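Q: Residues per chain, in single letters:
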Amino acid sequence: MNGEQKLQTPQEVKNVLRLENITMQFGGVVAINNLSLDVNQGEIVALIGPNGAGKTTAFNCVTGVYEPTNGKVYFNGRVIVANHPNGKMARQYGGINGEMYLKEKPVVHTPDKITGMGIARTFQNIRLFSSQTAFDNVLIATHLRRTSNMLTATFRLNAREEKRNREKTTELLEIVGLSDVANEKATSLPYGKQRRLEIARALATGPTLLLLDEPAAGMNPQETDELGEFIVDIKNRFNLTVFMIEHHMNLVMDISDRIYVLDFGKQIAEGTPEEIQKNPVVIAAYLGVEDE
Amino acid sequence: MQYNWKGCVPTVWDTVFPYLLSGISVGGQYALIAIGYTMVYGILRLINFAHGDVFMVAGIVMVYIAASGLPLWLCIPLVLLITVGIGFLIERVAYKPLRSAPRMSVMISAIGVSYTLQNLVLYITGGLNKQYPTIPWISETVVIGPAKTKLVTVVTPFLVILLVFALVTLINKTKIGMAMRAVSKDFETSQLMGIKINNVISATFIIGSFLAGVGSVLYFTNYPTVIQTSGAMPGLKAFVAAVFGGIGSIPGAVIGAFIIGVMENIIKGLDVILFKAGITSGPLGLATFSDAFTFALLIIILVVKPTGLFGEKVTDKV
Amino acid sequence: MKTTKSKAPMIVTIVVIAAIYAAVFIAEQILPPTSMLFTVLKKGATYALVAVSMNLLNGFTGIFSLGQAGFMLIGAYVYGIFTIPLEARPQVYQYFDGGLVQFTVPLVIAMIFSGLAAAFFAFLIGLPVLRLKSDYLAIATLGFAEIIRAIFQWNGLGPVTNGSNMLRSFPTFNDFNITDGQGNVTVYLSTLVPFIMSGVCILLIVLLIHSSYGRALKAIRDDEVAAEAMGINLAHHKRLAFCVSSFFAGVGGAMLAMYQTTVQAKSFTSAMTYEILLIVVIGGIGSVTGSVLSSFLFVACSEWWLRFLDEKQMIGDFEVPLLRNGFRLVVFSLIIMIVVLFFRRGIMGDRELWDLKFSGKERKRRAKE
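Here the protein sequences come in this chain order: G, V and X.
So the first sequence is residues 1 to 292, counted in our numbering.
So the second sequence is residues 1 to 318, counted in our numbering.
So the third sequence is residues 1 to 369, counted in our numbering.
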């Protein structure tokens, strides 16, 4: 595959996603504290950590659902999210007098804009369009790359595009192995299939970066193994970069190139699966430290 | 040359004052209705569209009970009792079965109840204006400064403050009040904590209807005709007041209601006021906008500060 | 794979609709024009359009708007203002020196103006209001309708809107009848034409709902967060739905003006919006077929079939109790409450005429759900 060839020459490593000093505060609660991380072209990077560590919040900051209190997000070298506090909080984040950020304007995009740039996501608590069939769920996501407007769509002047989208949808459903249930209502599908459908839907938006929020949640070991192979497969097939949150350690260790570990909103470790497995800080965070 | 009550040349203030006074009075009456909206919204997250009609029904019930020849001192408690009963019944029949249904369904049910109550009253009255009975003492005419008005105008704000004080005490000091606060904070959790949700909701509707009943006695003493649509406008305005003050907040609803009552009455009199002040030379017909103003205010407040003056911010979890 | 849909239901649907239109045309030629049937059909056709336009918003996009009466009012007034014949203006605008607008436009153009005016106001009000959550949006749109009502009644705008006086003398449904030289009607079209107007508009809405845009709207209804994450611009699509819905509500308002023969702002109350909402609910939220069916049922019941409830009825010597003016509406409200409480899916649920397949396979699939 092309992506793999690129990776073999290290000097060509291209940064896809970069979080820079992201902090997210809800009132007094600091959900993410000064998080910085990098995801490079063609990698599968996992974000792990105990429940409530702020992993999903990080996703929400990237995809424009939340506006971070402080920090920047780069996508392919371009700033897609930037925010800096003013007033009292500026001192806390922007140097002694907050002068560091005085000249920078915040950058805000709505989630649909960010999806349009090529970042697609799935949700921790599955969010399929409940009244629609599996087929329509995927088809809806092709709406983003439309060239039609409301009038041409109403008068069916976009028939060729519509046909192409339907073919693409059919193809995607085949890839995720849901062809046989295409006409079933999305929410009537078993859990594992719903997760796959969410991935198919995300792929239909034509992403280059895929964010998976606990794709294996609620799956048994066998399903999880299959999912791992599936993620690698689609990564290669669509030339994607994958950034995922996951609790199933087998899956994470199997397929990730690198892992970031969050605890209480702070990054406590970073490294390859082997490094993370041996890291005492990570082990302590997961198992708890015994009091002396 | 006309002279005012002090024997001086009338000032602009003399023109404004009567409008201000009736604004405060109407505001108080709106406040009593608004509390019902705000409490129900706080607990069920439902705009009880039928609340204004409960207020109207209280007026109609009064008309019929008074016509039956009962002494008036007995009529008022009886009316309040019946109003409370109606409020309780509406909740049990129309809202309780839809507890787990989508919010839109409950709202539609509320609109259905409103439609039903109006049609029922239309049927009973034959669609005619009914004369509200004259309640002694509060119907007496008094002269305050440059304004001649009914005593009810003066009594209303004090009665409202008294009732609100009692209500706040109830909510802060009693067990049922504590349960109400808990339920409005978190419906599911308080259910898990063993609070009997249905009792709390019923209590909310009972209190809301009781206050709407009191409001109707005061309101219809001032505007003494009742028809099936009498409740719609005051109801909507009271709701706007509740939103304005921050839905879920009782003091907010009361303050919002007073502001809306006063503003609305000033606008009603704006033509006269502007003319007396020498700013305009003829009528502009601005009184048409007294209702529209309330809604413009609503849209502005929703856009600028959707939580109202005293409302709490709610964040959705993704 | 599903993509190849069977064409049979579509053909059946077209045949059924064509048959209805033919029946309307024939009935109009045979039956006396004063028959209650035609009143019901004309008003029903008007309400059907308005109900479907409301369903587009409330049922398909999940925006709970209660501004329909306001948009109808705008439509009705714009239609009236642009079509009252010049010679009738001095009389209609007698308090305003014959009014300010001194030209007329052809009827179809006026109807399109009606829609455009309503859509324009929807665009303006949509900017702030569509950001609000469900019930706040409902009350804000309701308030907007009240504001519109006040503005159109204001005598300051009298030269255009005729203030609080009514607009009249504009072309009505009866003007669609073809007459010979002496004024005798040769071909009755006063029911068929509103059917065609309403039918064309509803067809457009259906085409929209089944396009890529319609799917996006349904996605917003099902899950706003997910829809946005799939690249659907919420603000843009909601505004679109709001404007399109208002456009057709405006056209519906113009049709209502033609039906009523007069227009007065004070009749476009929130009660009218509630009525249309209840029609939508009875028909099934999310079903165009349901809205159309229930519009005709609603109008037929309130104007015709249940009329007897409003009058004294004798069975032999026995006078049926309770029957007097207003009882019809009470019965009506109770039926509505029963539908709202116990048959929440309404007549059609979210199905359409062309979904009604009676093959065993389909039924099995439904049973499984």
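Don't read these hints as lab results, they were simulated from the structure.
Quantities reported herein were computed from a predicted structural model and do not represent experimental measurements.
Certain hints may be false.
As the list claims (entries may be wrong) - Going by beta-carbon spacing under 8 Å, a handful of chain X positions derived as facing chain V:
1) 85
2) 104
3) 128
4) 135
Unchecked claim - What the simulated footprint calls covered on chain V by chain X, stretch by stretch (three residues with Cβ under 8 Å from a Cβ of chain X suffice, anywhere in the stretch; the number is not a length):
5) 59 to 65
6) 103 to 117
7) 283 to 289
8) 299 to 307
The beta-carbon is built from N, C-alpha and C at its ideal position, and this holds for glycine as well.
Q: Given residue 85/X was flagged as interface, is its beta-carbon under 8 Å from a beta-carbon of chain V?
A: Constraint on residue 85/X not satisfied, violated at 28 Å.
Q: Quick check: do three or more residues in the stretch 299 to 307 of chain V have a beta carbon closer than 8 Å to a beta carbon of chain X?
A: holds (count 4)
Q: Has the stretch 103 to 117 of chain V got at least three residues whose CB is nearer than 8 Å to a CB belonging to chain X?
A: Our answer is that it holds, as 12 residues pass the Cβ test (under 8 Å) against chain X, meeting three.
Q: Cut-off 8 Å, C-beta pairs, minimum 3 residues; does the coverage of the stretch 283 to 289 of chain V by chain X stand?
A: holds (count 4)
Q: Do the numbers back the hint for residue 104/X, that is, is its least Cβ distance to chain V under 8 Å?
A: At about 27 Å, which exceeds the 8 Å cut-off, the nearest Cβ of chain V leaves the hint on residue 104/X violated.
Q: Counting residues of the stretch 59 to 65 of chain V with a beta carbon closer than 8 Å to any beta carbon of chain X, are there 3 or more?
A: Three-residue rule not met by the stretch 59 to 65 of chain V, so violated; n is 0.
Q: Using Cβ atoms only, decide whether residue 135/X comes closer than 8 Å to chain V, and label the hint accordingly.
A: Given a least distance of 5 Å, the restraint on residue 135/X holds.
Q: Against chain V, is residue 128/X within 8 Å by beta-carbon distance?
A: This hint holds: residue 128/X lies near chain V, its Cβ roughly 4 Å from the closest one there, short of 8 Å.
Violation of the numbered hints given earlier is confined to hints 1, 2, 5; the remaining hints are satisfied by the structure.
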